[in-house]
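Order-wise, the sequence lines are chains A and B. Be aware that the first sequence starts at 1, since it is given in the working numbering, and climbs by one per residue. Be aware that the second sequence starts at 1001, since it is given in the working numbering, and climbs by one per residue.
By construction, these hints were calculated from the structure, which means they are not laboratory data.
Listed next, the stretches of chain B that the computed footprint assigns to chain A, with coverage defined by at least 3 CB atoms under 8 Å from CB atoms of chain A: (1) 1027-1040; (2) 1043-1055; (3) 1100-1112.
Here the structure is a predicted model, which means the values were calculated and not measured. Don't be surprised by glycine CBs; every beta carbon is placed ideally from N, CA and C.
For reference, the chains in residue letters:
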Amino acid sequence: KQEVTQIPAALSVPEGENLVLNCSFTDSAIYNLQWFRQDPGKGLTSLLLIQSSQREQTSGRLNASLDKSSGRSTLYIAASQPGDSATYLCAVNQGGSEKLVFGKGTKLTVNP
Amino acid sequence: DTGVSQDPRHKITKRGQNVTFRCDPISEHNRLYWYRQTLGQGPEFLTYFQNEAQLEKSRLLSDRFSAERPKGSFSTLEIQRTEQGDSAMYLCASSGPLGGAQGGYTFGSGTRLTVV
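Just chain A, with the same shape it has in the complex (with noise of 0.2 Å):
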């Protein structure tokens, strides 16, 4: 059965810092792994979306990378903002499958 784990679960950091978000799966037979951004009782919003025969995918301030064969991947922010506060969600599409096993999230503060 897949499992996704992130860590950290809460960061808080000031505003202008970089910060890397860890996202690892122990299944690594996945068709690819995405990362969404959740605010405050609201729905999901897609940021990226890696295949697992890519390595990394980059829009705007964020990049994302994938390694399969470890069952790892990575969010960078750069220059975080306050705007960027939110919870940030990990989730893999097993091959053959259209479901989405999510993370539980790492809640990102950037303060001013």
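With chain A fixed as given, assemble chain B onto it according to the hints.
Relative to chain A, chain B alone:
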């Protein structure tokens, strides 16, 4: 197109009552998904439709839960005889013909259910 729409946004119900939620996906999306998220946890998969066919269903979807997508457009999720443990955010997502695994998912804002 305004994205994935869920109704209601909030629902408070007494234990034992039945509740029904509605999800309207993005119009050109033929795939629709339901997830449940409890406080402090990541979303958990409930079920998935391609057009009107329910193709995948989690063990979490007990006999009290039923989901339908009769015309391949909007979907409803019904919970019968609600229990306090059903209190959660119910999220709906949709994806296009490539599927979410390849093309990504668009989530709605969710329905927050509180069972008292």
